[in-house]
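Make one complex out of these two single chains by using the hints.
Residue numbers (our numbering), protein chains in the order written: chain L, 1 to 50; chain F, 51 to 876.
Everything labelled a hint here was simulated from the structure, so no lab data went into it.
Glycine residues also receive a C-beta, built at the ideal position from the N, C-alpha and C atoms.
You may find that some hints are simply not true.
[What the hints assert, rightly or not] Cβ pair distances, simulated, as ranges:
1. Ile-10(L) / Val-766(F): 46 to 54 Å
2. Ile-10(L) / Lys-588(F): 56 to 64 Å
3. Ile-14(L) / Trp-494(F): 50 to 58 Å
4. Ile-10(L) / Thr-531(F): 19 to 27 Å
[Claimed, not checked] No farther apart than 27 Å at their CA atoms in a straight line, the calculated lysine-lysine pairs in the DSS-like style are these:
5. Lys-25(L) / Lys-848(F)
6. Lys-720(F) / Lys-25(L)
7. Lys-25(L) / Lys-719(F)
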Amino acid sequence: MDIQTIIIYIIITICVAFIGLRIYKLLSGKGKPECGSCTGCTLKDTCKKK
Amino acid sequence: MKLSELKTGEKGVIVKVLGHGGFRRRIIEMGFIKGKTVEVILNAPLKDPIKYKIMGYEISLRRQEAEMIEIISEEEARKTNSDISLYDPISENIPVTEEQMKALAQGKRRTINVALVGNPNCGKTSLFNIASGSHEHVGNYSGVTVDAKEGFFDFQGYHFKLIDLPGTYSLSAYSPEELYVRKHIIEETPDVIINVIDSGNIERNLYLTTQLIDMNVRMVIALNMYDALQSSGNTLDIKKLSQLLGVPAVPTISRTGEGIDELFHVIIGLYEGADFMGQKEEIQNEALQEYRKWHDAYVPDHKYGSHKEEENDFTPKNFIRHIHINHGPELERSIEAVKKEIGKIENIRHKYSTRFLAIKMLENDKDIERRIISDMPNADTIIDIRNKEAERIKTVLNEDSEQAITDAKYGFISGALKETYTDNNQNTEMFTRIVDSIVTHRIWGFPIFFVFLYIMFEGTFVIGDYPMQAIEWLVGMIAQTAESFIPAGPLKDLVIDGIIGGVGGVIVFLPNILILYTFISIMEDSGYMARAAFIMDKIMHKMGLHGKSFIPLIMGFGCNVPAIMGSRIIESRKSRLVTMLITPLMSCSARLPIYLILIGAFFPSHASLVLLGIYSIGILLAIIMARVLSKFIVKGDDTPFVMELPPYRMPTAKSVLRHTWEKGVQYLKKMGGIIMVASIIIWFLGYYPNHEQYSTQAEQQENSYIGQIGKAIEPVIEPLGFDWKMGIGILSGVGAKELVVSTLGVLYADDEEVDSANLAERLNITPLVAFCYMLFTLIYFPCVATIVAIKQESGSWKWALFAATYTTVLAWIVSFLVFQIGKIFL
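Next comes chain F alone, as it looks inside the complex (with noise of 0.2 Å):
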């Protein structure tokens, strides 16, 4: 019987806990765990909620929370007890003590309500046949239009009750048979589902699988059919799939029964491991002490952790994690916001996990509109989100969020098969798989990565210098017109040389910038931007990262905040750090103006290999730096994950113009705030004390107090061929990158020309040192903000200032070689 059932004063042994998900565990960690007495202290005056005590304290629950638990009441313990004392007349009247109603509640969870549930014709039913051989009652069930078996059969002193699904595609509400699956699921919640795959055709079979996780239900795979995979020449990593899908799979030919012992090895440990362990996948002691106490006595030729599947590290502890199939960004976030609002009604949690609920609401399913939604008080609300969010899907991905989800759900499995499944008969036909059996080739991979990014700086060079000249000249006019209007004297000075020659030195450089984030934005809205982290992911892998790492990596050349933010898709903490390390060797586009500046003046003929050259460098020392930190730094185990790998899809105009867009107008507010700030602090510390007293620019220059501290950390500097006006850009360009180009514009400003795209005719220095300074900057301490983020996701002030210190340590070290190493050459 359930908790809710139970009336005052009388108590009950906990059986099991039904449910799945958040709900399911909060409350088994509420101390609603089997075995353990439950009694009822007082109903409220309408019967909700429910005061409890467990374990020497008292609890409320809802009536709706305690109708998922299954108990044995004393009642119901006596009327066994009866059964078996046939000859006793007065039987009903025994008493039964705590102990009986224990080992009779330990009896009956031993029956295990298991439910069969795959793709038609995918051998279902064969596994429902053999597993349940010696079955003692086959029964039907009519649905609408479709049956169900149930059958019965006892392995390893468990009884297991098995339901023959119907075989569907997916869980959609479609067709009878699916909404016949998806019902029995939710409302006779089996303790465990066999997801029974046909191994020759997975990818079509494991979209089911997605649907079945996103629905959060305790769940093993069998990959069924497994010889006709292994005849066929391909090969299946088993293991880790199961550790990418976050659910144990387990081979298994119906046809001999060959795998079938090991399946339900497997479903028994789940179906007592998710009591045992906690949220964090602790193993909670008092639970597994009892278990294997009674698996000891009731099991006598079993010896706990003798089983094949154990050997092989088969343990749930090592399969059982709860994954969320990633959609996207902009699915994500319609997903989150329906899922939000479906949330506000808690009750709902008990029986549905949420994120299903509002996957299925995208995908405009009726059924769960009419059954579920309609019925909750919010339902109006909720009903108008999904509709402005699929509206919204719809304008940004140019598809409706059904499509959008469908083909979400085939890219992760594309990426989870990619990495585990070796097709050895491609079906080449598709697009897709042509393309990326182009690009993401073993060897054809890395030149094709590069000649994109080659074009990517090529067009930022190429294309920016137009609207490039046109603000150029747009300064120069603002330039003399403020020196035509205002009178001589520091104001003039601080307009002139400070704010123009600060801010205006950065802003000529937007348009670069805009194309060098219209070319991210393609590269992400397409696909390419998966492949590219699914080639480096060998590399990734040997220097201790995933492939996946390399998404943060990549943003990083846009921005390293949000890529450090990005880094939070990866799931173990070890990769996670390491990735927040190495982004700021991924040279962020505020740095861009110092090499356009530097290299256009000392390298016009090479310009966009040069600065291939740069960011290539700066990828290489994150590599080098991501085995060493992985290696002797950062410790800890890895999680395996998947790496999506989306359809291709072509970037909509809207999507990559928004994107563009919003940079352009950060890039904007930044010149009109902390770049025009501390370029007037710095011109101010550059122009005093005593301005009028010298008779040069330069004298006066060296005796400011910036001229004081430039002089001051000269000596660090000058073995690296920087002179002291270089090392306050460096300094500055702590704040910001984009600082150092508008402190070189203030400091090298003079009379006659105020632009700093001449800037670089000022700058007194060889090829080799303007080399050296793309290297300083590249590699050296990344801005605050930075710092800050690293702080904010690593939640250590430690790994931030580690960061900060190595990074300058690492630039300096770098600088100095190439510089005193070139210094030989040239």
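Same shape as in the complex, but just chain L (with noise of 0.2 Å):
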């Protein structure tokens, strides 16, 4: 296995590592959901962020 190969399997590794993390947070209700917006929640004061 070449070198290249190994450094691809670290960042696989990391990344799959890091969905995980993700999907685990979300589920245990642990993490709030990724939010895209600002807009909606501003607009009805139900921002959790400020």
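Laid out in structure tokens, this is it:
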């Protein structure tokens, strides 16, 4: 296995861990769902960030 | 006397609990209800708090809290008894039984203190005179420069003490009248307030009502001079208005006395009802039984449930609910901030509504600041927060907080009247009314709304195209640089095909998304969004929803997650749940890149129309699904509520830019995070195993991990005209919709081109398939974040999974039908 392949495997492992952690956090309720907009929350004063 | 005046070891029977709002409710729920015996167990060393025994258990109250409970003590009872037994020389030593005390408390309780509050010349004094027609005493109170008249009369076994307060337009601190009225309501805590309204001038009169609602007092609205309204040809849906305001309203004609009986019946119901109903409007049977028993015994001609108002369902249960006047997001945020700080001092709640104080502080009310706030230990912090918030409001709304609050209140009133009041003599001079008469017109309203949407999409396409080309060029340059610097091998393929192909394919749409957001912000800030919701109201009602549901739905055009969170504003659980379930059908901005790619390639001559069509199909499906869901799946009753119609306001550049900027930052963060990571994984699955063994890229991809997954799902998507690569796009879109394009970008990448702008050329499909693919991505499984948001807001995985399932099934059915039927014609 060459060095490039090894780097790729390391990157993939990190990526899979990142996604796994993200899903775990979402499903366990520990993280808030990713909010792609501020307009909506600000509009109805439901934004939790502020 | 007050409960706080009892000494250790003494007993008393509760007559009534004064105060209002949450504090009063809490005291009642603790068991301090009328007719209950309470005994002082001990006083703390500093005489605060005091321990009481009630209903067999011990409970501590602060002295200030105990001051709000009116009781009859043994001594008072004995004295009252001795008044009756005039000839008994040792009457003062007669022991008083608990039963006797309870009977006396019941009698004393039958005195209801009522205050009349209203605008000048609304017929308040006429109402006072006719109500207290057989008055025994009229006294004068002298204030600074104002007078309050006091009258007494008996009705239905109750003794009414009526206070006619001076006429006032608001409860601000501008005039002595206003201050006097406000002080009376706060200091004297009347049991019930009659808010007298001139029916011929409802809009202006309701302004005072909104302030009374802020104060959280028990009140009834007397729609006085109702005959003038009727003869003018205007109509008012009183029942609905009552429901919207959370306050019972009764039409009255002071001149003839019409409606006065009904008004006082409602007052009795309100006075008694507030004690026999718990926080969630559940009836506390014990208290209700006592009330009925007493009424049967003392008012022989009364049969509970036989009154006109009860027949008309005019019982307090259906009307009393404390509402909060919605002042709009910015103001509500400020009110909440000031209220939070005021609420830190627990004692303040006994007499005042913290929300009312917060609003008054933001209105820069010097009297409240001087008399109440300055005595609080955290006065400086409260004033600091107020100043900061007032400054913020000025910047964001471009007007001072006092003016903004007034505007918001009139917006609320306007919304309430729009639903309940028909003005046949419309004054069309005002700008808002002129614009409203056009944009909310029953025929023109819809075309105007769709023209607005069309302009929005046209702008997204046309204006967005220039910066898009610039970003495309930049992505191309980065790819070329990477090509020349990184040595050949899997790492180079990862960077060029995976990262640049995936992320670059989506990032080019940043300008389009920012433009879409700018339009949405302008719609929201100008006040048109509320009108859009308003014109949809009738349709939404037919579909089992309220027009207000349309606002979260339009917000869904931006992102479904905040839209689902925004559905909190809907009070009825049923409407809220249905709104949440149909929100995924509103096409979020993450789906926009898919449409832009496919429409740009397959429908270039009618781009905006096709885009408008896709969004409209989403709205149409949402409406149909709302009907289906509210009829067959989600059960429950609807609660009516006001849809605010704020005055039109020129959107400030700062506010619009802030929203757009925030969106841009979010989008870029997403690109650097989840989109990049997912693109790398998709690339990896498409690159391995055995990358080197195949002669062509197509062959290699078909045999890769992702090719195997794609082939496995191909039978399901084949009837829709999709190939396995498109299927993988759909699968990855489950994570986030932007991934559909980035996945296609990775899967369709070839050696010559890396940027996804040319992706469409590499997709070997017909326009029909492209259209079906857009339909499928519009309807199917919303992203994971949306599903989690539904779970959080509905409190159940059941509804989240239901949303995931029904959208996917619906997407398949719709795409299947369109493809199969379209194939016949095309």
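Exercise. Taking the CB of Ile-10(L) and the CB of Val-766(F), does the distance hold inside 46 to 54 Å?
Worked result: 35 Å, violated
Exercise. Are the Cα positions of Lys-720(F) and Lys-25(L) separated by 27 Å at most?
Worked result: Holds, because 17 Å separates the two Cα atoms, which is no more than 27 Å.
For this session: Note whether the CB distance of Ile-14(L) and Trp-494(F) lies within 50 to 58 Å or breaks it.
Result: 57 Å, holds
Problem set entry | Restraint status (C-alpha distance of Lys-25(L) to Lys-719(F) at most 27 Å) | 18 Å, holds
For this session: Mind checking the hinted window 19 to 27 Å against the Cβ distance between Ile-10(L) and Thr-531(F)?
Result: Between Ile-10(L) and Thr-531(F), where Cβ atoms are some 24 Å apart, the hint holds.
Problem set entry | Restraint check for Lys-25(L) with Lys-848(F), where alpha carbons must lie at most 27 Å apart | 19 Å, holds
Exercise. Does 56 to 64 Å hold as the CB distance between Ile-10(L) and Lys-588(F), or does it fail?
Worked result: 59 Å, holds
Hint check: a violation occurs at hint 1 only; the rest are consistent with the structure.
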